[in-house]
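*Asks:* If you're matching them up, the sequences are chains V and A in order.
For the first sequence, position 48 matches number 47 in numbering that gives the first Met the number 0, and the numbering has no gaps at all.
For the second sequence, position 136 matches number 135 in numbering that gives the first Met the number 0, and the numbering has no gaps at all.
Keep in mind the hints are simulated off the structure, nothing from the lab.
Please read these numbers as outputs of a predicted model, since none were measured by experiment.
For glycine and all other residues, C-beta sits at the position ideal for the given N, C-alpha and C.
Errors might be hidden in some of the hints.
[What the hints assert, rightly or not] Per the computed footprint, the stretches of chain V lying under chain A, defined by three or more beta-carbons under 8 Å from a beta-carbon of chain A, are: (1) 22–35; (2) 70–78; (3) 84–98.
There are 2 protein chains.
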Amino acid sequence: MLRNGDFHALDRRACLRLLGGVPVGRVVYTQQALPAVLPVTFRLDADSSVVLRTAAGSELVRAVDGAVVAFEADEFDALTHSGWSVVVTGRATLVTDPAEHERLARYGPDSWMPVREGVFVRIEPDMVTGRRLTGT
Amino acid sequence: MLRNGDFHALDRRACLRLLGGVPVGRVVYTQQALPAVLPVTFRLDADSSVVLRTAAGSELVRAVDGAVVAFEADEFDALTHSGWSVVVTGRATLVTDPAEHERLARYGPDSWMPVREGVFVRIEPDMVTGRRLTGT
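Chain V with its partners taken away, still in its complex shape (with noise of 0.2 Å):
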């Protein structure tokens, strides 16, 4: 069991860097009253943001666009019992300045899938949290 006594935590920068070095995460929120998670592909902003990459009028744009939301990622190993996760919690928006959504056309996080219509959802970065788990 992965509990939070048993990780060491890791500081805001750690967390960042473990978060940069991985493509997919999973968005954390709420949909109907009821706890939602999304496997995503995203890619960290120079400000620490994380943006991920979805077609417009998706259901997940509607269910997070204003609301706060959590990220996370993690990568374990089951043999040695080891690994991370980190969780960027905070509010998530629809990018919808021309510039910005060019910007991250041009620079932003790369699709698995071809996406239509494609929009940018933009989560700050207000609490970074992490830990790492050293093995039994």
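With chain V's structure known, arrange chain A on it following the hints.
*Replies:* Using the frame of chain V, we list chain A on its own:
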């Protein structure tokens, strides 16, 4: 971007088979009105419920006992852009029946860390959804 429409939906049996093959998933819940997520080791019980072991009186137990939570597991390959994800949504309850606790203590989830005064939390598989991404 891994989005709803880009996955092939998996039926319940396929979801449970995939879920039974990985050691770590993520509990998704609400803590102090904020979305929260915690990686945990787990085991699928014979009735397809997800069973976790954690410390008695832990923040996790306080936050999830009696609440509807989501539990997510996935595997993705960054080279082939393929993988799967499964989400179980249902009520989480602390196991209080002594016989049931005893059974789980013998055959339940292993722990990657020592847990003193371990308790078990069961998540009912009320909704089981999953998707497979076949790559680009």
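*Asks:* Next, verify each hint and record whether it holds.
*Replies:* For each hint, the structure was consulted:
1. 22–35: That given contact holds, which follows from 9 residues of the stretch 22–35 of chain V lying within Cβ reach (below 8 Å) of chain A.
2. 70–78: Since 4 is at least three, the answer is holds.
3. 84–98: Satisfied; 3 residues make the cut.
Every hint from the earlier list agrees with this structure, and none is contradicted.
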